[in-house]
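Line order of the protein sequences matches chains A and B.
Per this note's numbering, residue 57 is the first one in the first sequence, and the count goes up by one each step.
Per this note's numbering, residue 5 is the first one in the second sequence, and the count goes up by one each step.
Hints are computed from structural coordinates only; laboratory data are not their basis.
Heads up, a few of these hints could be off.
Stated by the list, open to error - Here are the computed lysine to any residue pairs in the SDA-like style, where the Cα-Cα straight-line distance is at most 25 angstroms: (1) B:Lys124 x A:Pro278; (2) B:Lys124 x B:Thr172; (3) B:Lys68 x A:Glu178; (4) B:Lys124 x A:Gly203; (5) B:Lys25 x A:Ala69; (6) A:Lys58 x A:Gly264; (7) A:Lys58 x B:Ser33; (8) B:Lys25 x A:Val68; (9) A:Lys147 x B:Lys68; (10) A:Lys258 x B:Asp45; (11) B:Lys25 x B:Ala53; (12) B:Lys124 x A:Ser186; (13) A:Lys147 x B:Arg122; (14) A:Lys258 x B:Ala22; (15) B:Lys124 x A:Trp200; (16) B:Lys68 x A:Asp179; (17) B:Lys124 x A:Arg235; (18) A:Lys258 x B:Asp30; (19) A:Lys258 x B:Leu27; (20) A:Lys58 x A:Glu267; (21) A:Lys258 x B:Gly190; (22) B:Lys124 x A:Ala177; (23) A:Lys58 x B:Asp26; (24) A:Lys58 x A:Lys258; (25) B:Lys25 x A:Thr252.
Here is what each chain is made of, one letter per residue.
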Amino acid sequence: MKKLINDPQDVVAEALLGMEAAHPDLRINHEHRIIYRADAPRSGKVGIISGGGSGHEPMHGGFVGLGMLDAACAGEMFTSPVPDQMLAASKLVDGGAGVLHVVKNYTGDVMNFEMAAEMAAEDGGAQVLSVVTNDDVAVQDSTWTAGRRGVGVTVLLEKIAGAAAEQGRTLEQVADIARRVNESGRSMGLALTSCTVPAAGKPTFEIGENEMELGVGIHGEPGRERVPLAPAREIAQMLLEPVLADLPFTRGDNVLAFVNGLGGTPLIELYVMYNEVSRILSAHGVQVARSLVGPYITSLDMAGTSVTLLKVDDEMLSLWDAPVKTPGLRWGA
Amino acid sequence: MSTAALDQWIRSFAQLIAENKDLLTDLDSAIGDGDHGANMDRGMRAVVAALDDTSPPTASALFKKVGMTLVSTVGGASGPLFGTLFLKAGASFGDTSEVSLTQLAAGLRAGLEGIVLRGKAEAGDKTIYDALAPAVSALDTAVSDGVEKTEALKRALAAAESGRDATTPMLARKGRASYLGERSIGHQDPGATTVALLMAAATQALP
Chain A
57 MKKLINDPQD VVAEALLGME AAHPDLRINH EHRIIYRADA PRSGKVGIIS
107 GGGSGHEPMH GGFVGLGMLD AACAGEMFTS PVPDQMLAAS KLVDGGAGVL
157 HVVKNYTGDV MNFEMAAEMA AEDGGAQVLS VVTNDDVAVQ DSTWTAGRRG
207 VGVTVLLEKI AGAAAEQGRT LEQVADIARR VNESGRSMGL ALTSCTVPAA
257 GKPTFEIGEN EMELGVGIHG EPGRERVPLA PAREIAQMLL EPVLADLPFT
307 RGDNVLAFVN GLGGTPLIEL YVMYNEVSRI LSAHGVQVAR SLVGPYITSL
357 DMAGTSVTLL KVDDEMLSLW DAPVKTPGLR WGA
Chain B
5 MSTAALDQWI RSFAQLIAEN KDLLTDLDSA IGDGDHGANM DRGMRAVVAA
55 LDDTSPPTAS ALFKKVGMTL VSTVGGASGP LFGTLFLKAG ASFGDTSEVS
105 LTQLAAGLRA GLEGIVLRGK AEAGDKTIYD ALAPAVSALD TAVSDGVEKT
155 EALKRALAAA ESGRDATTPM LARKGRASYL GERSIGHQDP GATTVALLMA
205 AATQALP
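The shape of chain A in the complex, shown without the other chains:
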């Protein structure tokens, strides 16, 4: 294992120290591992928090700031944070208008966020609503599994709901647009290599030099199938066809097209992928209204990509275009 670390046990804590040093607009609660806006709580504004296992950076801590999240809870590597963290974060960002919890659909994340919401209710603390993302079409059998996983749509949802909260909308309104984003988005990923969790010191799964894992999850969960290595144009087809068919996206739809890097793939390859994605969408008559290309929801050092399509309307587009100022996304501010 070759990594820019000191001790595998200290990676999360030291990365938070680094974020604190690099971003004066953010504050870190090191005890609870919470990244939060220096100006939180904002009176009368709905607070939005998210969180999850570490190793997916910039998600979620890198999306804290103006127009996006108010706070993010960092768990251990690939392990959901604990309820105490979400409870403390909810208190930090509650400006009196309630708090939205953005939760990715993984068994541990869902349970820990549920417990936090129950504890907040028992405390008589902030009013909490939760939205769970589950956009991964790779999971075909969602009745007999823990269900579809929350992946790329989470990034788009945090931006759009964050803008809605910034406009002063109510908790119900912010939760409503967040749910609509989740319902309108679909994703699928592909791994060229495994990731290596620092504490494990070795790759999470074995994969041959000429193989790819189609439908991989962001923790290295197995996907739909192991397939032979293929050119980008075929990979784009393998990822987009199930995504397009699932919602379904049809001729004349406007979409936000998001080509994501899983951590170990260079940006130039993501643009090669985006070119193929754009070509396929155009052939299907699907209009790309906005795009996002880059590593935003990663799996440590995994090489690979995921493609997310979000069917957008004018409201979502204007919220997407609204100012944002976070370490991960910034425009207009």
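Put chain B on the given structure of chain A with help from the hints.
For chain B alone, kept in the frame of chain A given last:
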């Protein structure tokens, strides 16, 4: 069973988790994300430290402390599930200094019900439930048959161990292992393994 005896049970459980940390991690690497051993060990170390710090006066307070500490330190699915087991059991004990075998069985039953509510698991999903439910049933039966404590706990352990072993051929339907589908078959469930360790600790510490 005095609060001190139950405290000893928890400490024995922590000891067994530490000794089996690598086994739990290996089992979890096969069908999960390979952190069950490390997460449970971190949690049980925190529990022992909390008990060393202040010794809860009642069985109820003891279990509540264990549950809260696990919820606060383990993370993942195991934190809320094992935390809920102790929180619900503790709440069912009420304000008493001695816990009878009947009360212990009722407490574990309450814990099992809490786990079902939290995790929505059913028999055969290849989870904690598949070891805990048989153990609780065995304890209930032993209680109603008037079996004495040592033997009753032995039967509960045997039931937990056969429940654990029965998870090997199961297809996982909950948690991260469920994404493996058919590939989850042939691997013992790490959570069910931890339940068997909890019952083994009971036979050691509550003779």
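Quick rundown of the hints versus the structure:
1. For the hint linking Lys124 (chain B) to Pro278 (chain A), the alpha-carbon distance of about 23 angstroms falls within 25 angstroms, and the restraint holds.
2. The hinted pair formed by Lys124 (chain B) and Thr172 (chain B) meets the criterion: a straight-line CA distance of about 20 angstroms does not exceed 25 angstroms.
3. Proximity of Lys68 (chain B) to Glu178 (chain A) is assessed by CA-CA distance (about 16 angstroms); at most 25 angstroms being required, the pair is judged to hold.
4. A threshold of 25 angstroms between alpha carbons decides the hint, and for Lys124 (chain B) with Gly203 (chain A) the separation of about 13 angstroms falls inside it, so the pair holds.
5. A hinted pair counts as satisfied when its Cα atoms are at most 25 angstroms apart, and Lys25 (chain B) with Ala69 (chain A) qualifies at roughly 23 angstroms.
6. For a cut-off of 25 angstroms, the pair hint linking Lys58 (chain A) to Gly264 (chain A) stands: about 20 angstroms separates their Cα positions.
7. Between Lys58 (chain A) and Ser33 (chain B), the direct Cα distance comes to roughly 21 angstroms. Compliance with the 25 angstroms bound is thereby established for this hinted pair.
8. Simply put, Lys25 (chain B) and Val68 (chain A) have alpha-carbon atoms about 22 angstroms apart, close enough for the 25 angstroms limit, and the pair holds.
9. The suggested pairing of Lys147 (chain A) with Lys68 (chain B) holds, with an alpha-carbon distance near 23 angstroms, which does not exceed 25 angstroms.
10. Of the supplied pair hints, the one linking Lys258 (chain A) and Asp45 (chain B) holds, its CA atoms being roughly 21 angstroms apart against a limit of 25 angstroms.
11. A threshold of 25 angstroms between alpha carbons decides the hint, and for Lys25 (chain B) with Ala53 (chain B) the separation of about 18 angstroms falls inside it, so the pair holds.
12. Proposed proximity of Lys124 (chain B) and Ser186 (chain A) is supported: the alpha carbons are some 18 angstroms apart, at most 25 angstroms.
13. A hinted pair counts as satisfied when its Cα atoms are at most 25 angstroms apart, and Lys147 (chain A) with Arg122 (chain B) qualifies at roughly 24 angstroms.
14. Proximity of Lys258 (chain A) to Ala22 (chain B) is assessed by CA-CA distance (about 22 angstroms); at most 25 angstroms being required, the pair is judged to hold.
15. A distance of roughly 12 angstroms separates the Cα atoms of Lys124 (chain B) and Trp200 (chain A); the hinted pair therefore holds under the 25 angstroms criterion.
16. Between Lys68 (chain B) and Asp179 (chain A) the CA atoms are separated by roughly 17 angstroms; this keeps the pair inside 25 angstroms, and the hint holds.
17. Under the criterion of a C-alpha separation no larger than 25 angstroms, the hint pairing Lys124 (chain B) with Arg235 (chain A) is consistent with the structure, at around 23 angstroms.
18. Taken as a hint, the Lys258 (chain A) and Asp30 (chain B) pair is honoured in the structure, with Cα atoms around 13 angstroms apart against an allowance of 25 angstroms.
19. This hinted pair checks out: Lys258 (chain A) and Leu27 (chain B) have alpha carbons roughly 17 angstroms apart, not beyond 25 angstroms.
20. With a C-alpha separation of about 22 angstroms, the suggested pair Lys58 (chain A) and Glu267 (chain A) falls inside the 25 angstroms cut-off, and the hint holds.
21. The hinted pair formed by Lys258 (chain A) and Gly190 (chain B) meets the criterion: a straight-line CA distance of about 23 angstroms does not exceed 25 angstroms.
22. Note on Lys124 (chain B) and Ala177 (chain A): the hinted pairing holds, with a Cα-Cα distance of about 22 angstroms set against a maximum of 25 angstroms.
23. A hinted pair counts as satisfied when its Cα atoms are at most 25 angstroms apart, and Lys58 (chain A) with Asp26 (chain B) qualifies at roughly 23 angstroms.
24. Restraint check for Lys58 (chain A) and Lys258 (chain A): satisfied, since their Cα atoms lie roughly 10 angstroms apart, inside the 25 angstroms limit.
25. Among the hinted pairs, Lys25 (chain B) with Thr252 (chain A) is consistent with the structure: their alpha-carbon atoms are about 20 angstroms apart, no more than 25 angstroms.
Consistency note: the structure conflicts with none of the earlier hints.
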